[in-house]
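There are 2 protein chains.
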Amino acid sequence: MEKRYLFTPGPTPVPPEVLAAMAEPMVHHRGADFRAVYERALARLQDVFRTQSDVLLFAASGTGAMDSAAANLCAPGDRVAVVTAGAFGERWVAICDQYGLDVQRIAYQWGEVPLPDEVGAAVAESGANVVFCTHSETSTGVVADVQALKQAVGQATLVVDAISSLGAVPLETDAWAIDVVLSGSQKALMCPPGLAMAAIAEPLWERLPQARSFYFDWRRTRKAQQVFDAAFTPAVSLIRGLDVALGLIMEAGLDAAYERHVRLGRAARAGLKAMGLELFSPDDDSSAVVTVANVPDGVDGTELLRHLRDRHGVTLAPGQGNLKGKIFRIGHIGWFDVFDIAAALAAVELSLTELGAEIERGVAVPRAFEAFEELGLRG
Amino acid sequence: MEKRYLFTPGPTPVPPEVLAAMAEPMVHHRGADFRAVYERALARLQDVFRTQSDVLLFAASGTGAMDSAAANLCAPGDRVAVVTAGAFGERWVAICDQYGLDVQRIAYQWGEVPLPDEVGAAVAESGANVVFCTHSETSTGVVADVQALKQAVGQATLVVDAISSLGAVPLETDAWAIDVVLSGSQKALMCPPGLAMAAIAEPLWERLPQARSFYFDWRRTRKAQQVFDAAFTPAVSLIRGLDVALGLIMEAGLDAAYERHVRLGRAARAGLKAMGLELFSPDDDSSAVVTVANVPDGVDGTELLRHLRDRHGVTLAPGQGNLKGKIFRIGHIGWFDVFDIAAALAAVELSLTELGAEIERGVAVPRAFEAFEELGLRG
Numbered sequence: 000m001e002k003r004y005l006f007t008p009g010p011t012p013v014p015p016e017v018l019a020a021m022a023e024p025m026v027h028h029r030g031a032d033f034r035a036v037y038e039r040a041l042a043r044l045q046d047v048f049r050t051q052s053d054v055l056l057f058a059a060s061g062t063g064a065m066d067s068a069a070a071n072l073c074a075p076g077d078r079v080a081v082v083t084a085g086a087f088g089e090r091w092v093a094i095c096d097q098y099g100l101d102v103q104r105i106a107y108q109w110g111e112v113p114l115p116d117e118v119g120a121a122v123a124e125s126g127a128n129v130v131f132c133t134h135s136e137t138s139t140g141v142v143a144d145v146q147a148l149k150q151a152v153g154q155a156t157l158v159v160d161a162i163s164s165l166g167a168v169p170l171e172t173d174a175w176a177i178d179v180v181l182s183g184s185q186k187a188l189m190c191p192p193g194l195a196m197a198a199i200a201e202p203l204w205e206r207l208p209q210a211r212s213f214y215f216d217w218r219r220t221r222k223a224q225q226v227f228d229a230a231f232t233p234a235v236s237l238i239r240g241l242d243v244a245l246g247l248i249m250e251a252g253l254d255a256a257y258e259r260h261v262r263l264g265r266a267a268r269a270g271l272k273a274m275g276l277e278l279f280s281p282d283d284d285s286s287a288v289v290t291v292a293n294v295p296d297g298v299d300g301t302e303l304l305r306h307l308r309d310r311h312g313v314t315l316a317p318g319q320g321n322l323k324g325k326i327f328r329i330g331h332i333g334w335f336d337v338f339d340i341a342a343a344l345a346a347v348e349l350s351l352t353e354l355g356a357e358i359e360r361g362v363a364v365p366r367a368f369e370a371f372e373e374l375g376l377r378g
Numbered sequence: 000m001e002k003r004y005l006f007t008p009g010p011t012p013v014p015p016e017v018l019a020a021m022a023e024p025m026v027h028h029r030g031a032d033f034r035a036v037y038e039r040a041l042a043r044l045q046d047v048f049r050t051q052s053d054v055l056l057f058a059a060s061g062t063g064a065m066d067s068a069a070a071n072l073c074a075p076g077d078r079v080a081v082v083t084a085g086a087f088g089e090r091w092v093a094i095c096d097q098y099g100l101d102v103q104r105i106a107y108q109w110g111e112v113p114l115p116d117e118v119g120a121a122v123a124e125s126g127a128n129v130v131f132c133t134h135s136e137t138s139t140g141v142v143a144d145v146q147a148l149k150q151a152v153g154q155a156t157l158v159v160d161a162i163s164s165l166g167a168v169p170l171e172t173d174a175w176a177i178d179v180v181l182s183g184s185q186k187a188l189m190c191p192p193g194l195a196m197a198a199i200a201e202p203l204w205e206r207l208p209q210a211r212s213f214y215f216d217w218r219r220t221r222k223a224q225q226v227f228d229a230a231f232t233p234a235v236s237l238i239r240g241l242d243v244a245l246g247l248i249m250e251a252g253l254d255a256a257y258e259r260h261v262r263l264g265r266a267a268r269a270g271l272k273a274m275g276l277e278l279f280s281p282d283d284d285s286s287a288v289v290t291v292a293n294v295p296d297g298v299d300g301t302e303l304l305r306h307l308r309d310r311h312g313v314t315l316a317p318g319q320g321n322l323k324g325k326i327f328r329i330g331h332i333g334w335f336d337v338f339d340i341a342a343a344l345a346a347v348e349l350s351l352t353e354l355g356a357e358i359e360r361g362v363a364v365p366r367a368f369e370a371f372e373e374l375g376l377r378g
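So the protein lines, in turn, are chains A and B.
By numbering that gives the first Met the number 0, the letter at position 288 of the first sequence is numbered 287, and the numbering carries on one by one without gaps.
By numbering that gives the first Met the number 0, the letter at position 231 of the second sequence is numbered 230, and the numbering carries on one by one without gaps.
One thing to keep in mind: the hints can contain errors.
Since copy identity is lost for identical chains, a pair holds within one copy or between any two.
[Unchecked claim] The calculated lysine-lysine pairs, modelled on BS3-like cross-linking and capped at a C-alpha distance of 27 Å, are: (1) Lys272 - Lys222; (2) Lys323 - Lys272; (3) Lys323 - Lys222; (4) Lys222 - Lys325; (5) Lys222 - Lys2.
Worth flagging that the hints you see were computed from the coordinates, not collected in a lab.
Please build the complete structure, drawing on both the sequences and the hints.
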C-alpha cells in the first residue's frame, strides 16, 4: 500500500497516457496499424533531435546506442579521444577499450566541466579523428557545452551521449553540426527503458567502415527504416509509448521543455541550499537535468538513501564510483513538475532530520517555489 | 472500431495480465521493488529453458541474442558451421559473415528438415568447432530435432536459435547438453518484443574468447545478474511483463504448454487440409509452432494476406524470401487456444472464397475441433 516516489535521473516517471499506450493489445510490426505509429515516432524523433537526418531506433538500453557508435565509426586500432568527467565518460572508455581502439583520454575530475579550448587542443595533439563525449554527465549533474566542443574539435567526428539530456536541455544537432547524437527512451523522453536512438549526420554515411556489430549495424537499420520497416522485430509496445510521449513533448514545444527543466533545476538548488546543504553540481542554469548535493557531515549517504526509500518510499539516486556515499542526486528530467521537487526536498529534509543532521527546517520548499517562479532563461 | 486478430508467429497476442503489468508506474531498476521481480523472472527463465545455468537477459530483439552468440563464441576467421533451411538459418549466415567468420554452410531447401547424421558428418568434415542452427524455422514451420543434432555434432559447441520454439515445443537445455540456447520475449513467452535471452552451459565460460561486443558481452551481463543487477538499465516494464507471463506458463506447467501447441498444430493442419489446401509445413506433430499452407492456384498470396488484413482485420504471416506470395503462415505460439485456430481458418476460408478460389466450405472448423480433441502426444 505504501506509495512510491521516483526522483531519479532514469528511469524517470512515465505519464499515464504513455503507460496506457504500452498496454494496448499487440499488433504486427509489419502491418499498417503499426507502420503509422512507427513512421510518426521516427519523424517526431527528428523533431526532438532537431535534425533532418535519419534517427535510428534500436531495441536496446541507451548503452546499446553508445556501443553502436564505436562499432560503426571505428576500425580496430583507430586512435580516438574520450572526454571523461564522470561515470558515463568512463563508460565510453570501457566501450572503446573493448573494441580495441587506441583511447586518448581527456580527463577531468568528476564534477568538473570540460573546457572546450582544452579539449580542442588535446584532440588536435592526439590526432584522433573521432571524439566521444557526454552531454549531461548524469553522475555529477554537469552539462557540457557541446556546441562549443564541436567548434573546438573542428573536423573530428564528435559523438555526443545525450541520453539524459535530449528533450531536457537545448541540443541543436544540425545547427551545431554535431556528427552523432545518441539517446535513450527512459530519461527526458518520458518512456520506460528499452529504446536507444542514434542520429547520424548525412556526410558521415559515405565514410563509415564495415560495422563491427550485426545487430547495431547502422546501414542495415537505416535501410529498413527508410521504408518504415525495422531491421528486426521492433519493440512494438515501447515504440507506441514513445510515439505518445514525443507527441506530448512536441505539443507543448521543446522550448517549453527546456525552460521547465531550467526552472526545476533552480527550484532544486534553491531548496537544497536553503536547508544548508552544499551543492556538488554546478550552481547555474546549465544544471537542469539532475541536482546533486553533498551528504552533510555525520550522515552516511548510503544510509540516507536507504532511509528515504525504505522508510518513506522515496527513491533518489546515489553517488557512483568514488562518490558513492558522499553525494545524493535528485533527477528532474521528463515528467516532472515543481511539486515533485517540493516532495523530494521535503523528504530529504525530513530524512536528514531523522538521521540527526542539523539542517534548516521549513525553508527549502518555499525557497524552491520562489526560485521556480522566476520565468525565462538567463544569459 | 474494426476488431483486429493477430495470428502471426511473432509478435504474438499478449495476455491482459501481462499488458497490465507493463502499464504499472515506473520503478527504479536498482530498488528492492524491481529487484524482486528481476530475480524471480531470471529464476523462471531457468525453469522454462530447463537449465541450471545462468540465463542472460538483454534489452534487444531476439536477433540481439543471436548476434551475442557470434560475438562471444568466435574470434575473427574461426571456422563455423551453419545449418540453413529457411530465413532464420540465413540470418545466422549473415551474422557470421559480418563477424568475419569462415562459414561452412550445411544447406537444406526451405521446408526441408535437417538430418542429424548428415549434419554431424558435414560438421566433422568441416572441422568447425561451433555450429549454429535453428530449432523452429519460423519461415517454413519446420522444427528440427536439436537433441539429435547435439548428439550428431559431438564435441562441437551447438548454438540453438529457439526464439520461436521456447515454451512451445520441448527443449531440454541441460538434459540434452545443448551448449547455447537463445530466445526472445515475443513468441511463446507471450510478451511484447524487446527482450532477448541466452542460456550458456557452464563449461563454456572457461573457454570464451574476448567478447567482440560491449553491449552483448556475456561476461559483463552474467557478473551483474549474479547479484540480481543488470549491466545497463534494463527494460523494466518488459521484464515486469515477462515475469507475469512466465508465471502464467509455469502455473499450468511446461508439459501442458507443449501438449497444447501440438494440439493447436493438429487443429490447424486438419482444418487447412479439410478445405482442400496443401500443407507446406510438415504434416506431423513436430509442427507445433506455425502451420504453413501453399496458396492455391489462381490466387496471389500477397493479395490474400492483404485481403485478410484490410477487409477483415485478420493478420497472418506471409512467405519470406523466395516463398513470398506462394505460402501463408498461421502462427499459434503463446497465448492461443483452439478458438483462435477456428477464427483463423474461418477467415482464410472466407477470404479465399471471396478471391474466387475453389475450396471446400464449412468443413475446416469442425475438422479442426475434432483434431484438437485428440488428447496427448503421439510417438
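Exercise for review: Enumerate the violated hints, using their earlier numbering and listing them in ascending order.
Suggested key: Of the numbered hints, 1, 5 do not hold.
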